[in-house]
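> Protein chains in written order, with our numbering: chain A, 1 to 278; chain B, 279 to 556; chain C, 557 to 859; chain D, 860 to 1162.
The set of hints was computed from the structure by calculation and includes no laboratory data. Please note that the accuracy of each hint is not assured.
To be verified - No more than 30 Å apart at the CA atoms, straight line, and that leaves these computed lysine-lysine pairs for DSSO-like:
#1 C:Lys759 - B:Lys494
#2 B:Lys357 - C:Lys750
#3 D:Lys1062 - A:Lys216
As the list claims (entries may be wrong) - A few chain C residues that don't get close to chain A, going by computed Cβ distances all over 12 Å:
#4 Gly564
#5 Pro606
#6 Ile660
#7 Asp755
#8 Ala774
What the hints assert, rightly or not - Sample of chain D residues at the chain B side, in silico, Cβ under 10 Å:
#9 Thr922
#10 Gly923
#11 Pro1076
Treat the numbers as computed from the prediction; the structure is a model and nothing was measured. In this text, a Cβ means the ideal position worked out from N, Cα and C, and glycines have one as well.
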Amino acid sequence: MHQMLSKILFNIEVSPTYYKMGIDCPEIASRAAPGQFIMVRVSNQLDPLLRRPFVIHRIQRANTGSYSQVEILYKIVGKGTEIMSEMKEYDDIDLLGPVGNGYKIDNNIRTAVLVGGGIGAAPLLSLAERIISQCSKLKSLILLLGGKGRADVLCVEEFERLGVEVRVATEDGSLEHRGLVVDLLLDYLESGDYSPGSSTHCFACGPDTMLKEVSKIIAEKGISCQISLESRMACAVGACLGCVVRTKAGGDVYKKVCKDGPVFDSNEIFWDESTTIG
Amino acid sequence: MHQMLSKILFNIEVSPTYYKMGIDCPEIASRAAPGQFIMVRVSNQLDPLLRRPFVIHRIQRANTGSYSQVEILYKIVGKGTEIMSEMKEYDDIDLLGPVGNGYKIDNNIRTAVLVGGGIGAAPLLSLAERIISQCSKLKSLILLLGGKGRADVLCVEEFERLGVEVRVATEDGSLEHRGLVVDLLLDYLESGDYSPGSSTHCFACGPDTMLKEVSKIIAEKGISCQISLESRMACAVGACLGCVVRTKAGGDVYKKVCKDGPVFDSNEIFWDESTTIG
Amino acid sequence: MDLSVNIGGIQLKNPVMTASGTFGYGEEYAPYVGLDKLGAIVVKGISLKPRPGNPPPRIVETTGGMLNSIGLENIGVDRFIGEKLPYLIDSGATIIVNIFGSSIEEYGDVANKLDDTHGISGLEINISCPNVKEGGIIFGSDPHMAFEVVNFVRQSTKLPLIIKLSPNVTDIAEIARSVQDAGADALSLINTIKGMAIDIETKTPKLANITGGLSGPAIKPIALRMVWEVARVTKIPVIGIGGIMNAYDALEFIIAGASAIQVGTANFVNPKATVDILSGIEKYLSDHRIGDIKSLIGTLSRE
Amino acid sequence: MDLSVNIGGIQLKNPVMTASGTFGYGEEYAPYVGLDKLGAIVVKGISLKPRPGNPPPRIVETTGGMLNSIGLENIGVDRFIGEKLPYLIDSGATIIVNIFGSSIEEYGDVANKLDDTHGISGLEINISCPNVKEGGIIFGSDPHMAFEVVNFVRQSTKLPLIIKLSPNVTDIAEIARSVQDAGADALSLINTIKGMAIDIETKTPKLANITGGLSGPAIKPIALRMVWEVARVTKIPVIGIGGIMNAYDALEFIIAGASAIQVGTANFVNPKATVDILSGIEKYLSDHRIGDIKSLIGTLSRE
Ligand SMILES: Cc1cc2nc3c(=O)[nH]c(=O)nc-3n(C[C@H](O)[C@H](O)[C@H](O)COP(=O)(O)OP(=O)(O)OC[C@H]3O[C@@H](n4cnc5c(N)ncnc54)[C@H](O)[C@@H]3O)c2cc1C
Ligand SMILES: Cc1cc2nc3c(=O)[nH]c(=O)nc-3n(C[C@H](O)[C@H](O)[C@H](O)COP(=O)(O)OP(=O)(O)OC[C@H]3O[C@@H](n4cnc5c(N)ncnc54)[C@H](O)[C@@H]3O)c2cc1C
Ligand SMILES: Cc1cc2nc3c(=O)[nH]c(=O)nc-3n(C[C@H](O)[C@H](O)[C@H](O)COP(=O)(O)O)c2cc1C
Ligand SMILES: Cc1cc2nc3c(=O)[nH]c(=O)nc-3n(C[C@H](O)[C@H](O)[C@H](O)COP(=O)(O)O)c2cc1C
Ligand code: FES
Ligand code: FES
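Turn these sequences into a full structure, and let the hints guide you.
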């Protein structure tokens, strides 16, 4: 884990209210794994006070080591992300990272199903890249992507360029299937296009409601599923105990999203109306 | 008085840590008088919270009315001015103004002595312009300018371009006279180069210690003197009673720098160690 | 859409008021705000005799807030009535006069003078002042003293009485109940929180008075908690004050139980803060299809 | 330059400590800070038995601050001694253990267990906890209860005792004197201020626990005022806590009368905050030709 001032390489709007930022940061790029995140200090002043967490969207490593960058994908939802969207190339940005535990990728995966809702697509790109490079037995890599409207369906081309099969659902029907991404998951599981058992893995990131549904559906099929959680964070190093999530070990046994996660086995989590940020 | 979002036309470093900002703001430019000030909101966030006061350095009015600007001259002394120094051309800036009472300029002035210490030069440029255009009997317009070092002696060329005679003192002797600007004032008064009585006026702006000295020296000569005070401000409209200064009417009779000033007759002020911002 | 609220007998066209001491006598902000558009204008605290206030420096900025030690400078009740009230009445504003005294009798005297004055809708009693007679103990920090002062003022005027509570106490709900029992028509809270700042170069306090009152968004979470604590245990209307910068902040207080809110420090940052907050509240109500603001008061769930 | 200070018998190499609950058990921040470089590490509050803490959400940001309702989650004194203390001892840090209980006896039991444990320099007693036996009244809000708990803990251990005071009181100096009389070796203040935040869309509190403790730069002026109030009327050393973000803030507390300071929320913003503050203090001392930090303590003039 490091704290540093890094240079912004680019910061572009990829879809209305969604931005992609590239940061020149070999310290993080050289260490980061898919699913880990960084903490961004959005201002030198004391409002906003706390750092904001963003999962690593993409890791670019240079062979020479002279240049390597991380990318984050983010949505403007409040003042912190608003300030970030105004940052410019060459500006300095204060980062902490890489933080947390990323996805555990089994070398023997044959079928990987990635499920993303809205900004939940963010970690799945680096995950897809890693699966492709790491899992020699991989047969099928499929991404189910959902959003409210077409503007919320992110990075389809990037995934397709990797050879990922992408299926899309939008709540307003503005792109492909009208409905939820869980509909796509149900269809997929129905179709039986996957080798059941331990060689199929599911990875999901998105709103709590989606993750809860996905976890339930997947559990019924006996497929292992890793989910990426969000929570309000202060320290991100496991010190403040602010970011906890309920686990099935009991209603009051908590895990820290920052340190024990943010990626969890979906079986671990105890879902209720107030899970993490609700 | 107005509150508005205006466009920054330029924001340049004129000397180390000193900046000049031009703002496209016909509402203020068309109304402002030398000695009045504006209140700048330096951030959309809540730290820093309060607006910062800056005296109007220069007013540029276009004949057509299609374009007119105000300029401020400022020194980086804390976080607010630091943030301002990073603002760019075309950025929006949130202003309130023009605020306060400016200099009262008697049409019959023959000799005007302007005394500025450091950033205290700021209001004197628009004042000099106004005196020149308004006082048809003007014979002599002299500016005594002081600073710690040469970097703190501002706008000499601008004043000279107006035909003002400029004499400079620096504490470290890096430019002209080594010493204080009050030395220059004493010399000037000694020399008798002025018509005594009501046709000579002195105008001063600078640190409290300088203003106190200038007030004393001038009072002894029976010359009228207007001084421009600073004070910590919150509202700048006379509502909060935060910015007061002691007056001679009694140790506890206060005047509001924002509304009764910032320009005062030097005879009004009761000087002690805690006058205004000390 | 019905924005009107009734604060202990004072009918307000909407719940947005100005906080005493931050809006002068109203006229200072008239270039920015239509005074008659607001729920009420609460003027700077008035005492029996004019008061010079504390020596400067009187204010200092802090993170997300400011300290002030104005020391209740004011022109006194007679000059207020003669010089400031006529303008306010002409403006069409609903007028609430904030008053204070350094003895129980002085509170009563000011209240009594204003009782006979036309154009005033109610009084706000600032009990965060030291009781000079009792050795400087703050009226508002002791339930019995708070009872006494309110009880006395209650007998000095027929005007609706809003009691303004101090946050510098262990149990604000206890004080609130006490002044309710003494005959208060409404409560307003919070006043500023006592704080301090030091200049490390000169090693002197940044305020000549050493300590001052903290206001602004920094104190909002504390104010909101106190409003919630008080509103749940009292029957009279509560006015929420403390760090309200925008409509979202105002709505938090209303949901916590405030029937109206006051805007203080925000006026300094944005002179149009009050009207912006008002239109933000209207937008929220219409977005959420709430026809009457009164149905939003105290709707916090999961208590 | 002499940076050392003595806090009621605990010799610190410098006055910069970590605030309980914001620095975990030390190891979490070891990648950023040499633990042995700081005055002391104060660990997360420990109770007799492990405690799960409150349900999430547990934190929410506010202007210049944050609310937390962690609910004193901790692994209990036995696991602390077994699992966390060895690492801390190895690191070379000066270790202060923050403890709490829900009854006077429980405070005593934890103190007693730690009394026999090697490697601990002192205890910090958090009296901002509700006394479950007495119906939930906070120990730290009543001078008599505060006296009782400190008096009892005093008899349960020979370790130096720092009593951590709650700011949610009318008169913190009164509580301070009371715990001094009960045998406290030092005082630390302030703990968090009770606050609240509301989600106006869901109309629910933003914290599952409804209220939480406010920390961060927003509370600094209040903390500084309380440290000043307490330091003037007590004889034992005072540790300043509350919103310290940088060396300037720390120096304000020292000038106000604090013999040492604790850094809390700042660690989250800048994990190197403690060491940055330490070097900032060193620079100030050398710039001002102050050879011994002790000569700066309580030097506020114009009192
Ligand atoms: C591990 C992790 C990874 C994340 N990765 C991404 C990502 O890749 N892209 C992206 O757009 N967003 C991501 N988020 C959510 C992102 O952190 C929030 O959207 C962001 O903090 C909002 O900040 P704001 O100031 O704009 O909003 P505000 O509403 O002003 O934030 C106020 C406070 O709430 C917290 N907060 C608000 N929303 C969230 C949230 N959803 N999760 C956690 N804290 C929140 C903020 O940190 C802040 O403390 C991630 C969150 C976590 C925990
Ligand atoms: C009427 C008036 C006109 C002014 N004109 C100019 C000008 O033309 N050019 C210029 O460079 N400066 C001018 N100043 C001073 C300028 O306002 C301060 O330098 C500035 O506010 C400092 O802000 P900061 O955030 O950088 O410093 P900080 O130290 O971070 O400010 C902290 C707080 O102190 C206040 N403050 C600090 N210094 C001063 C000061 N000298 N006067 C008043 N308040 C202060 C700030 O407003 C703020 O509330 C003027 C002040 C007044 C009252
Ligand atoms: C400069 C200033 C002067 C004040 N004067 C008074 C006063 O005269 N009487 C009073 O009851 N409250 C006074 N207050 C307190 C405010 O009315 C209000 O209770 C407090 O500022 C908190 O609200 P805010 O955070 O919105 O400013 C004053 C506050 C400020 C900032
Ligand atoms: C997340 C968090 C957890 C805390 N836990 C404890 C604790 O266990 N025991 C305690 O005495 N104080 C605890 N505190 C209070 C801090 O030690 C400190 O008194 C307070 O945060 C004020 O300092 P700050 O503004 O620098 O954070 C906690 C504070 C925070 C923010
Ligand atoms: S954010 Fe502090 S423990 Fe996770
Ligand atoms: S700044 Fe408010 S009265 Fe002058």
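> Each hint: holds or not?
Do the hints match the structure? See the list:
| no. | hint | result |
| --- | --- | --- |
| 1 | C:Lys759 - B:Lys494 | holds (29 Å) |
| 2 | B:Lys357 - C:Lys750 | holds (25 Å) |
| 3 | D:Lys1062 - A:Lys216 | holds (29 Å) |
| 4 | Gly564 | holds (35 Å) |
| 5 | Pro606 | holds (38 Å) |
| 6 | Ile660 | holds (42 Å) |
| 7 | Asp755 | holds (19 Å) |
| 8 | Ala774 | violated (9 Å) |
| 9 | Thr922 | holds (5 Å) |
| 10 | Gly923 | holds (6 Å) |
| 11 | Pro1076 | holds (8 Å) |
In this structure, only the earlier hint numbered 8 is contradicted, and the remaining ones agree with it.
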